[in-house]
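Chains A and B, in that order, are what the protein sequence lines are.
Position one of the first sequence corresponds to residue 1 (my numbering), numbered consecutively onward.
Position one of the second sequence corresponds to residue 1 (my numbering), numbered consecutively onward.
Source of the hints: derived by calculation from the structure; they are not laboratory data.
All C-beta atoms in this analysis are idealised placements derived from N, C-alpha and C, irrespective of residue type, glycine included.
Among the clues, some could well be false.
[As the list claims (entries may be wrong)] Footprint (simulated), chain A over chain B, 3 or more residues, beta carbon under 8 Å:
#, region
1, 168 to 179
2, 188 to 197
[Stated by the list, open to error] Here are the simulated lysine-lysine pairs, DSS-like style, with alpha carbons at most 27 Å apart:
#, chain 1, residue 1, chain 2, residue 2
3, A, Lys143, A, Lys115
4, B, Lys4, A, Lys134
5, B, Lys292, B, Lys305
6, A, Lys130, B, Lys307
7, B, Lys292, A, Lys143
8, B, Lys307, A, Lys134
9, A, Lys134, B, Lys292
10, B, Lys4, A, Lys130
11, A, Lys109, A, Lys70
12, A, Lys111, B, Lys196
13, A, Lys91, A, Lys108
14, A, Lys91, B, Lys305
15, A, Lys28, A, Lys10
16, A, Lys74, B, Lys196
17, B, Lys304, A, Lys91
18, B, Lys305, A, Lys134
19, B, Lys301, A, Lys134
20, A, Lys91, B, Lys196
21, A, Lys70, B, Lys196
22, A, Lys143, B, Lys305
23, A, Lys130, B, Lys312
24, B, Lys312, A, Lys134
25, A, Lys134, B, Lys196
26, A, Lys143, B, Lys301
27, A, Lys109, A, Lys181
28, A, Lys143, A, Lys130
29, B, Lys301, A, Lys91
30, B, Lys5, A, Lys134
The primary structure of each chain is shown beneath.
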Amino acid sequence: MAILEVRDLKKSFGGLEVFAGVNISIEKDQIYGIIGTNGAGKTTLFNIICGVLRADQGSVLFNGEDISKKPTHKIAELGIGRCFQTVMPFKSMTPLENVRVARATAGKKNKEREKFSIDEIMEITNLTDKMHIKTQELSLPDKKNVEIARALACNPEIILFDEVSCGLSGEEIYSRMELMKKLSKMGITVVVVEHIMLFIKEICDQVSVLHSGKVICSGTPQEVARDAGVIEAYLGGKSNENIGS
Amino acid sequence: MNLKKWVVSGVIAFILYMLFLRLTDAGFIANFIAYISLFVIAGQGWNLLGGYIGEISFGHAVFFGIGAYTVGLPVGYKLDINLLLLVLLGALMAGIFALIISYPLLRVQGFPFLVGTYGLGVVIRSIVVVTPALFATRGIFISTYSKNFTYPLIIGFAIAVVIFVQWLVNQDLGLRFKAVRDVPTAARMIGINIYKTKASAFVIGAMLTGLAGGLFALYGGFVNPSACFGDNTSIFILLGPYIGGIGSVLGALFGSTIVIILQEVARSVITVNGGHYLMVGALLVVVMMLSKEGIYPGIVKLVKKIKNAYQKRQGE
Ligand SMILES: Nc1ncnc2c1ncn2[C@@H]1O[C@H](COP(=O)(O)OP(=O)(O)OP(=O)(O)O)[C@@H](O)[C@H]1O
Ligand SMILES: [Mg+2]
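Here chain B stands alone, though its shape is the one from the complex (with noise of 0.2 Å):
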């Protein structure tokens, strides 16, 4: 299998991204491949839903911003646990609240899930800018790890996360997900239970955008309810496996990167508050005229085209 090939482009990956650290002190771009990587981890979870069965969720912010929470509230309320055991609580924490919360949601389909999705949002966001226990719009500030602990153990999780994604969907489970996307009744006439399947990719997938929220928490070293729970983190989790390549692994790792990079870019050129959008709204329309199904496969088509072509001249 070509697992293999993945495991050693991830090592590799990582051991340049170490060598590049030390021999340098670009921390800006350090920084930045981490903060990439939040999403990149983000943007898996939420491609086993809506990529691999094809359910669009407008609203995976409420399960990073789960993540974020667990790691953020035992600090905020000065219980000594250790940050890395509350990121990986985080993501459990998640994957319950994502099983909860599918009975209801999973029941409805297509149009009606993405509202339900951005409806449930929106209520959880409510609940925690509302509530002082939750310290409301104060946020929570958490003394985290020095940066050159931070940055590796985030970027090894998003090789790992990919890795793991990877593996999965060639797994009978993950082949269980594309035939509920490809065909939902020819699925039920091999045995497949749709809801659980479902399910299990939610539930899945809510684990690892809890996982991108509780590392976000020790990234910054600081939660509040817009940078977790906003509207702007459901869209930038959705907009990077949406615009690379719905339900491909590289696809959505191109996709999470270009998207975070653009906006980082943009923020820097466009000066004018929340200006930058302007880029990223850009990138979407040009990307879905140019390629529908996105960026990475409007490459793959583009090259076997150009191979085609290349061949054809050679023949001739």
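The following block holds chain A by itself, in its conformation from the complex (with noise of 0.2 Å):
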């Protein structure tokens, strides 16, 4: 069974039609891959998953589940994480208080399913030695290292990631890509929305193209790499030298 699927997914912002029939269903430990070029609705997508926003039709099943129509809070109680496109930690807190109040929360109702302990959260996030200033005076890429520590103290099941490596460098996207594949074999499934593709290719099991309101392609990053309508949506058809490499 599928561990998160959306079903059917419609959205609208006024005139403006998102989502127009979206499907997807991600297996339990992958690492899954969602593409788009900009305004494609990936990060509506998350909204929706999480709960942030209300789809208009259609439902999210986690764990065959409904939860399309329960509050965000609940669904983080339920196992799933999230990283914030845009950096949104706790800036007034230290990085050891952000992960102390996840792991109070929704890292408290999950307990069971515990995999880190703070310290080893903090080391797996490079912030052991700056877990005591304040998230404000960090770095953007710490400040993205608070968000990945603070979604691994709620003890997950999945976490979607939007853009982790957005602004980094060639080493933290190494960094970051080792990391993904450190938790999906610690059992931890893994949703990542990303522009760069040699990430995409290097890590996912699985990716799907959500373009004009529909995934219009699913499959191994390869069989995705070749496909004529991705290339059409993609670089309007001239070459797939961009794609996959």
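Hints in hand, dock the two standalone chains.
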């Protein structure tokens, strides 16, 4: 059974139709990539899964249970974690406090799923020597790390990452990829939205491409890179050089 | 944790105060410190919601008044109940009232919340003023304990409340307050129920402000609608934390102290009726011009700046 499934999702903002019947099914322990051009609706999809926005139609199933009417904090308690595209750490707190409060809230509800201690979380997110500095004083990559650490502290079954590599250097991106792989190996399902194709190709088991309100293609990164529709959507059919390379 | 430091400082402050009471007979200053302490307690209560959650209430006199009248009313009806018990009951009543009123009030945020709390203050005061059973505008006299007992009591409570709030904001619940203030969406995403969290800050804060009201009744031996439920009371409760440095325990402590001292100094200098508000207003303008975040963060920044400049010089 899929851990997370989106069925026949429809959503419009006023006259703007973002989803015209989207279906996505994510298997447990996969690394699942979602790609699409700017404005394709990737962040909106995450917002609907998390209950921040409501779909006009369709449903979101988490472990078979319909969560599309649940409030966000309940969805978090069920085991869905998230990192935001625009970083949103709790800036007046230290990284340690960010993690502590997550551990004491959703993390407490999901104690039986606990995979990392607070010290381990600090270590894998490279925050050990910065954990007592106010988060607002940290660099952007570190703020992103704080978000990852906070999501991990919730003991989630699945984490949604919205462009975690955006604005990072090559080395930092590489360490992010390693981290994603590590989480997946430890039994946390990972969903990534990324613009960097190498990232997707390197780590994802499955990819879906959002375009004009639909999933125009799903499959392994290789399959997706060869798909004529995807090439058309991304490059107007000129070449497939950039996709999958 | 640095809570130990707070407790030690609190105990030292209390001992110094007691020594001061023993060695001098400066009744005026003792009286003054007790009065400041009342606003320190009430202000710390306001700060839990206003500073740590970020919802500005303009009606905290309601909770102050409930605390004061819980002490006053039984006395007015000649019931023989221990006054200290009534003070604690007053805090409880303020908390229960906050819990009830939180349901409609906390559904709105920002400016509507501010207006809502102001409206609540007006409604409750009006009810008290026109209800004979609540002694209307006449108020109630309370034959209270001697000042040798009430002053140390009030100061003891103020110290305990400051330490309690400092402790609370570093507990999981306090971190939840700050999470809701920093980024509500992210707070939800770690499983925080925003409404419940705000309501906790509101209720605990109201209990502290109610406690201050009850102690006020013991302190002055008199309660009436304008002193307990008045707009001025609301304003002085919020002005301390606001001027001192919103969302900081020490800031609120400084702020309440400065506001009350300034008010009293102005009252003795400016003899025109109500003229002393001029000073408080002027202070507000000056503080907001110099440091938007308030006095305490402003001073911290200034000290840092001087330190940095000094270190630079040393390095050269
Ligand atoms: N709350 C909202 N109200 C109105 N329009 C919205 C809202 N959220 C998103 N949109 C619009 O919906 C479309 C999809 O936005 P979304 O942020 O989901 O795209 P995205 O795929 O994440 O893009 P990007 O790659 O730039 O992050 C955009 O046209 C956006 O302007
Ligand atoms: Mg986006």
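For each hint, the structure was consulted:
Counting residues of the region 168 to 179 of chain B whose beta carbon lies closer than 8 Å to any beta carbon of chain A gives 5, which reaches the threshold of three, so the coverage claim holds. Counting residues of the region 188 to 197 of chain B whose beta carbon lies closer than 8 Å to any beta carbon of chain A gives 7, which meets the minimum of three for the stated coverage. Restraint check for Lys143 (chain A) and Lys115 (chain A): the C-alpha separation of about 22 Å stays at or below 27 Å, so the hint holds. Between Lys4 (chain B) and Lys134 (chain A) the CA atoms are separated by roughly 22 Å; this keeps the pair inside 27 Å, and the hint holds.
A C-alpha spacing of about 17 Å is found between Lys292 (chain B) and Lys305 (chain B), which places the hinted pair at or below 27 Å, so the restraint holds. For the hint pairing Lys130 (chain A) with Lys307 (chain B), the CA-to-CA distance comes to about 22 Å; that is within 27 Å, so the pair holds. About 25 Å separates the Cα atoms of Lys292 (chain B) and Lys143 (chain A), which keeps this hinted pair within 27 Å; it holds. Using a Cα cut-off of 27 Å, the hinted pair Lys307 (chain B) and Lys134 (chain A) holds, with the two alpha carbons roughly 20 Å apart.
Only pairs whose Cα atoms come within 27 Å are accepted, and Lys134 (chain A) paired with Lys292 (chain B) is accepted, the gap being roughly 20 Å. With a C-alpha separation of about 24 Å, the suggested pair Lys4 (chain B) and Lys130 (chain A) falls inside the 27 Å cut-off, and the hint holds. The straight-line distance between the Cα atoms of Lys109 (chain A) and Lys70 (chain A) is roughly 16 Å, inside the 27 Å bound, and the hint therefore holds. Between Lys111 (chain A) and Lys196 (chain B), the direct Cα distance comes to roughly 22 Å. Compliance with the 27 Å bound is thereby established for this hinted pair.
Using a Cα cut-off of 27 Å, the hinted pair Lys91 (chain A) and Lys108 (chain A) holds, with the two alpha carbons roughly 22 Å apart. A hinted pair counts as satisfied when its Cα atoms are at most 27 Å apart, and Lys91 (chain A) with Lys305 (chain B) qualifies at roughly 22 Å. This hinted pair checks out: Lys28 (chain A) and Lys10 (chain A) have alpha carbons roughly 24 Å apart, not beyond 27 Å. For the proposed pair Lys74 (chain A) and Lys196 (chain B), the alpha carbon gap of about 13 Å is at most 27 Å, so the pair holds.
Distance hint between Lys304 (chain B) and Lys91 (chain A) is fulfilled; the C-alpha atoms sit about 20 Å from each other, no more than 27 Å. Restraint check for Lys305 (chain B) and Lys134 (chain A): the C-alpha separation of about 18 Å stays at or below 27 Å, so the hint holds. Among the hinted pairs, Lys301 (chain B) with Lys134 (chain A) is consistent with the structure: their alpha-carbon atoms are about 15 Å apart, no more than 27 Å. The suggested pairing of Lys91 (chain A) with Lys196 (chain B) holds, with an alpha-carbon distance near 22 Å, which does not exceed 27 Å.
Under the criterion of a C-alpha separation no larger than 27 Å, the hint pairing Lys70 (chain A) with Lys196 (chain B) is consistent with the structure, at around 16 Å. For the suggested pair Lys143 (chain A) and Lys305 (chain B), the alpha carbons sit about 25 Å apart, so the restraint of at most 27 Å is met. Restraint check for Lys130 (chain A) and Lys312 (chain B): the C-alpha separation of about 24 Å stays at or below 27 Å, so the hint holds. Under the criterion of a C-alpha separation no larger than 27 Å, the hint pairing Lys312 (chain B) with Lys134 (chain A) is consistent with the structure, at around 24 Å.
Between Lys134 (chain A) and Lys196 (chain B) the CA atoms are separated by roughly 26 Å; this keeps the pair inside 27 Å, and the hint holds. In summary, the hint linking Lys143 (chain A) to Lys301 (chain B) is supported, as the alpha carbons are separated by about 23 Å, within the 27 Å threshold. With a C-alpha separation of about 25 Å, the suggested pair Lys109 (chain A) and Lys181 (chain A) falls inside the 27 Å cut-off, and the hint holds. This hinted pair checks out: Lys143 (chain A) and Lys130 (chain A) have alpha carbons roughly 11 Å apart, not beyond 27 Å.
At roughly 18 Å between alpha-carbon atoms, Lys301 (chain B) and Lys91 (chain A) fall within 27 Å of each other, so this suggested pair holds. Distance check on the hinted pair: Lys5 (chain B) and Lys134 (chain A) sit about 21 Å apart at the alpha-carbon level, within 27 Å; holds.
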